[in-house]
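Novice: Could you build the full structure based on these sequences and the hints that come with them?
Protein chains: 2
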Amino acid sequence: MTKKEYDKFDKANANFQALTPLSFIERSAKVFPNHPAVVYGEIQYSWRELFDRTIKLASALTKFGIKKGDTVSILSANTPEMIEAHFGVPMSGAILNTINTRLDSETIGYILNHSDAKVFIVDCELAPEAAKAVKTIKNQNIFIVDILDYQNSQAPKSIGNISYDEFIEHGDVKFPWQLPNDEWDAISLNYTSGTSGKPKGVVYHHRGSYLMSMGTITDWNLPKHPKYLYTVPLFHCNGWGHAWTMAALAGTMFCTRAIIPEEIFNSITTHKITHFGGAPIVLNMLLNSPAARDFKCRRPVEIMTAGAPPPASILQGIERLGFNVTQVYGLTETYGHTVMSTWNSDWNDLQNDKKAQLKARQGVGMIHTSGLKVVDLDSGEQVAQDGIHTGEILIRGNTIMKGYLKDLSTTETVFKNGWFHTGDIAVMHPDGYIEIKDRLKDIIISGGENISSVEIEDVLHKHESISLAAVVALPDEKWGEVPCAFIELINGKSLSEDEIESFCREHLAGFKRPKKVIFCELPKTATGKIQKYELRMRARSTQC
Amino acid sequence: MTKKEYDKFDKANANFQALTPLSFIERSAKVFPNHPAVVYGEIQYSWRELFDRTIKLASALTKFGIKKGDTVSILSANTPEMIEAHFGVPMSGAILNTINTRLDSETIGYILNHSDAKVFIVDCELAPEAAKAVKTIKNQNIFIVDILDYQNSQAPKSIGNISYDEFIEHGDVKFPWQLPNDEWDAISLNYTSGTSGKPKGVVYHHRGSYLMSMGTITDWNLPKHPKYLYTVPLFHCNGWGHAWTMAALAGTMFCTRAIIPEEIFNSITTHKITHFGGAPIVLNMLLNSPAARDFKCRRPVEIMTAGAPPPASILQGIERLGFNVTQVYGLTETYGHTVMSTWNSDWNDLQNDKKAQLKARQGVGMIHTSGLKVVDLDSGEQVAQDGIHTGEILIRGNTIMKGYLKDLSTTETVFKNGWFHTGDIAVMHPDGYIEIKDRLKDIIISGGENISSVEIEDVLHKHESISLAAVVALPDEKWGEVPCAFIELINGKSLSEDEIESFCREHLAGFKRPKKVIFCELPKTATGKIQKYELRMRARSTQC
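As given, the protein sequences belong to chains A and B, one line each in that order.
Heads up: the first sequence is residues 59 to 602, going by the working numbering.
Heads up: the second sequence is residues 59 to 602, going by the working numbering.
Honestly, the hints are just simulated from the structure, not real lab data.
Keep in mind that the hints are not guaranteed to be accurate.
It does not matter which identical chain is used: a pair holds within one copy or between any two.
As the list claims (entries may be wrong) - Simulated pairs of lysine to aspartate or glutamate, DMTMM-like, Cα-Cα distance not exceeding 25 Å: (1) LYS285 <-> GLU107; (2) LYS69 <-> ASP240; (3) LYS330 <-> GLU557; (4) LYS499 <-> GLU439; (5) LYS125 <-> ASP68; (6) LYS69 <-> GLU470; (7) LYS88 <-> GLU470; (8) LYS551 <-> ASP516; (9) LYS495 <-> GLU439; (10) LYS232 <-> GLU84; (11) LYS495 <-> ASP436; (12) LYS413 <-> ASP489; (13) LYS285 <-> GLU360; (14) LYS282 <-> GLU360; (15) LYS66 <-> ASP240; (16) LYS88 <-> GLU493; (17) LYS354 <-> ASP162; (18) LYS121 <-> GLU107; (19) LYS125 <-> GLU227; (20) LYS590 <-> GLU164; (21) LYS256 <-> ASP110; (22) LYS282 <-> GLU377; (23) LYS285 <-> ASP65; (24) LYS232 <-> ASP444.
Specialist: Here you go:
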């Protein structure tokens with residue numbers, strides 16, 4: 059029988075190899091050894107040099123005792139070391155855990171504990187917070203490697219056992235690192251603000267990261283050797299996977315420690331940057347900087363933006379400077395972008411405001427996304443494609459996380475019925491493009507960062523004078539959203555806004571602190587549940 | 059233990075979906091419904107229209123009784139129907155078997171038999187040969203669908219049960235076709251000239267075809283919406299996979315029934331072609347056509363060439379017309395191109411002849427190729443990367459066939475030690491680029507077509523006057539190589555070159571017939587084995 063004939067072939071080493079983005083750097087180091095890979099101030103590494111450094115990192119980690127399935131955490135700005143870790147750590151078989159540099163020491167400590175990190179690589183600029191975090195964790199033998207950034211004007215602070223450069227010198231450039239045996243093996247671990255208040259550890263696999271790069275090249279129309287300005291923090295969904303994608307194209311990554319509009323404009327001109335990315339807040343910063351007045355791209359520069367829906371005014375403003383913006387949508391759980399506001403040449407002749415309106419929609423599933431739908435919250439059926447009916451966005455495909463580390467139950471919940479449930483509410487337009495309208499989750503997105511309302515509420519509830527606290531998103535011109543706290547005091551107690559601010563300063567990272575505090579009795583349902591919807595309305599009208 | 063924590067996640071529908079190029083057409087039909095997909099003379103289909111036609115084909119095949127794992131054969135020039143079959147047939151779960159249009163009826167019959175074809179789609183232009191073939195096969199109930207090409211000036215010949223257009227009208231555009239459950243499922247079947255004389259059925263899988271497209275986009279630097287002139291026959295490695303790749307990019311495929319230089323030049327100018335491909339013989343035809351004198355590309359047009367090493371003179375000549383040529387190397391077993399003569403900007407300032415020399419090398423493994431090496435025939439060790447030591451080219455990766463249909467033993471042989479053995483002999487240069495020097499197999503590559511020496515010898519041995527025949531490749535300026543037959547007659551018998559030619563005409567397709575016949579005693583080893591190496595030398599010097 060023919061049917062059986064086609065099924066008789068076993069997978070063999072000759073015809074079945076694990077998909078992994080680690081293969082990209084190996085190839086670029088071989089084919090484009092002299093092409094620049096990373097540029098950071100005076101530092102420049104070619105693809106051969108970068109690859110050698112990553113092999114040495116993998117070797118040094120292995121000599122130290124790191125094994126397949128161990129966690130290596132890193133807290134760093136977008137330095138060359140941060141890029142090296144994206145290759146060297148998985149080349150050792152370990153999982154790379156990048157930590158949000160804006161977090162407070164308490165949360166960093168939680169992550170180091172939860173991930174069972176064996177090694178902790180720390181950017182000197184973040185040493186004080188890291189040192190505080192390490193004091194709180196179980197594993198007091200955690201091995202700390204210091205990234206000493208000599209380009210940084212402040213004297214680098216060492217809190218660890220060894221400097222990064224010394225550490226990799228223990229490694230052997232001829233180390234026989236191995237590609238993963240199974241493309242389903244974990245490659246990285248990214249913590250995201252959960253609605254429960256505790257960060258959840260999102261696990262990525264090699265297969266997904268490989269396909270994410272291929273899909274990004276295809277759908278973002280990336281040419282060979284792009285010059286990519288790395289403004290997106292590498293701790294966010296592994297910098298949207300672009301370090302791996304650049305390795306596939308032998309591009310050049312220009313690292314930036316901070317986002318300073320003048321420097322970005324300079325860099326674009328000097329280095330002939332072709333691509334970069336950032337949340338709408340970054341575009342807004344650029345647009346509102348005095349340096350924008352005299353700036354114009356010499357050739358079109360492509361921007362990928364995500365993190366929050368970009369206002370049409372920002373899109374139009376930034377494009378007047380010669381940029382072309384493509385909006386993408388995704389979550390930490392989807393490796394970043396899985397939906398793209400793909401441009402259709404049918405729209406080329408529309409008015410500019412209509413164009414900006416179309417670009418402000420989140421878009422359609424990217425090529426690596428197998429399914430995207432919007433379903434009614436009650437019936438679970440797809441909503442009408444009419445741009446009116448709302449429902450929850452569901453996604454499926456190979457760039458969806460393996461799951462939440464040590465939390466199979468929540469993993470199962472968000473994967474129910476074979477789809478990843480985003481918790482975002484959208485409409486689907488007749489052309490199949492989705493547009494976000496609301497969210498189910500208690501999340502505030504401020505300057506591209508997710509903040510859990512519940513986490514802030516938990517902190518507020520610790521205050522002895524507070525009876526009940528509820529935190530909602532308050533729309534903000536600069537940050538998109540900021541946290542707004544509604545507080546009900548214990549009878550007879552009194553508290554000022556300043557007192558709350560100083561209390562929060564002790565317990566919360568700066569970006570998470572409420573920017574507005576309103577004292578009042580909280581509106582509740584008959585069963586006593588706080589009506590957050592009502593509070594969001596009040597926050598907007600600033601009434602209580 | 060953390061290690062186990064990372065391994066606790068099962069694959070779920072939400073995060074694991076089969077890779078298949080069928081997802082490409084579904085997406086392009088949705089996102090770019092009005093963008094032209096196929097252009098063939100007056101016929102033009104948008105991506106939505108093309109997708110609808112492929113769904114109807116899948117539906118009609120299913121209604122007819124075609125099931126997962128059945129074979130559907132097609133013998134056709136590069137018509138729209140041929141492109142539709144590349145999607146519609148696998149969408150029905152069947153395997154698409156494309157048959158070389160230059161084959162004789164005997165070989166076509168062999169393929170229909172060997173593949174257990176249930177449906178046979180026949181281009182009217184090839185009806186006579188197809189009808190002869192069908193008469194010889196076991197399955198006399200094979201269902202024949204005629205492609206009636208009304209643009210073809212000759213009255214279309216119908217030999218089958220129904221015309222293609224009528225057939226798909228039985229299909230339902232709302233047919234719930236399914237993506238494969240398993241990316242390892244077979245998608246197509248391509249017969250290649252084996253060294254044994256009998257064609258071997260090379261089976262491709264969905265995973266490989268998906269990755270081939272992604273790798274081609276990345277390494278050939280393909281932009282969105284390319285305009286691709288489809289000169290490469292779709293029966294060769296599924297036209298190098300470009301029908302699927304164009305679906306990923308929502309490109310436009312311009313179909314050509316025959317390769318006529320004037321028409322190609324016209325098409326390039328009129329349709330603003332951006333990309334096309336062809337064997338060096340095609341480039342040579344273009345270059346030597348009178349139309350080349352007045353032709354110059356208005357913007358650079360990218361050519362992918364393969365099938366035989368292109369002479370540096372052809373490369374230089376064709377590039378003077380404004381084309382940019384990229385050579386690739388592969389075999390039917392590798393889905394086509396897996397090695398690419400990737401250009402390195404370090405070479406930009408070299409002299410033109412040096413550039414052509416570099417481009418004439420086969421190159422390095424493409425991004426979808428996991429491994430490429432050249433090993434010594436005796437020791438099996440990698441040869442020195444010195445451009446001098448020769449060995450066999452071995453390849454591994456996800457774009458290597460599942461295996462040969464109904465021939466697990468040969469499959470095992472070519473996959474021994476975890477690598478696919480190409481049978482081609484090459485050197486590896488210090489920069490890792492390979493260059494072909496010879497081949498182990500008894501194959502003659504003529505005008506981009508593989509011809510088995512053994513097959514020709516088998517035919518010659520059937521002649522009553524021939525005692526011994528040996529066929530080798532004779533270098534030829536136009537065709538690259540042509541078959542040259544050495545014949546030892548039975549004592550007392552005589553035979554003229556003309557008689558041999560007319561004998562071959564009865565048994566062999568035109569391109570396989572010996573272009574030169576030499577009567578002599580064949581040189582043999584002590585054990586009686588014919589010394590083909592010696593004959594190749596003699597053929598070159600035309601002495602016997």
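Novice: It remains to establish, for every hint, whether it holds in the given structure.
Specialist: Structure-based check of all given hints:
1. LYS285 <-> GLU107: Within one copy only: 18 Å inside, 38 Å across.
2. LYS69 <-> ASP240: both (13 Å within a copy, 13 Å between copies)
3. LYS330 <-> GLU557: neither (49 Å within a copy, 69 Å between copies)
4. LYS499 <-> GLU439: For LYS499 and GLU439, only the intra-copy Cα distance (20 Å) is at most 25 Å; the inter-copy one is 59 Å.
5. LYS125 <-> ASP68: between (30 Å within a copy, 22 Å between copies)
6. LYS69 <-> GLU470: The answer is between: 11 Å across copies meets 25 Å, while 30 Å in one copy does not.
7. LYS88 <-> GLU470: Neither: 42 Å inside a copy, 30 Å across copies.
8. LYS551 <-> ASP516: Result: close within a single copy only, 19 Å intra versus 103 Å inter.
9. LYS495 <-> GLU439: within (18 Å within a copy, 62 Å between copies)
10. LYS232 <-> GLU84: within (13 Å within a copy, 46 Å between copies)
11. LYS495 <-> ASP436: within (17 Å within a copy, 68 Å between copies)
12. LYS413 <-> ASP489: within (15 Å within a copy, 48 Å between copies)
13. LYS285 <-> GLU360: both (10 Å within a copy, 23 Å between copies)
14. LYS282 <-> GLU360: Both: 14 Å inside a chain and 14 Å across chains, each within 25 Å.
15. LYS66 <-> ASP240: both (22 Å within a copy, 14 Å between copies)
16. LYS88 <-> GLU493: between (43 Å within a copy, 17 Å between copies)
17. LYS354 <-> ASP162: Intra 38 Å, inter 64 Å, cutoff 25 Å: neither.
18. LYS121 <-> GLU107: within (21 Å within a copy, 59 Å between copies)
19. LYS125 <-> GLU227: Within one copy only: 19 Å inside a chain, 60 Å across chains, cut-off 25 Å.
20. LYS590 <-> GLU164: Close neither inside one copy (27 Å) nor across copies (77 Å); limit 25 Å.
21. LYS256 <-> ASP110: neither (38 Å within a copy, 48 Å between copies)
22. LYS282 <-> GLU377: Both: 24 Å inside a copy, 21 Å across copies.
23. LYS285 <-> ASP65: neither (45 Å within a copy, 36 Å between copies)
24. LYS232 <-> ASP444: Answer is between; shortest inter-copy Cα gap is 21 Å, intra-copy 59 Å.
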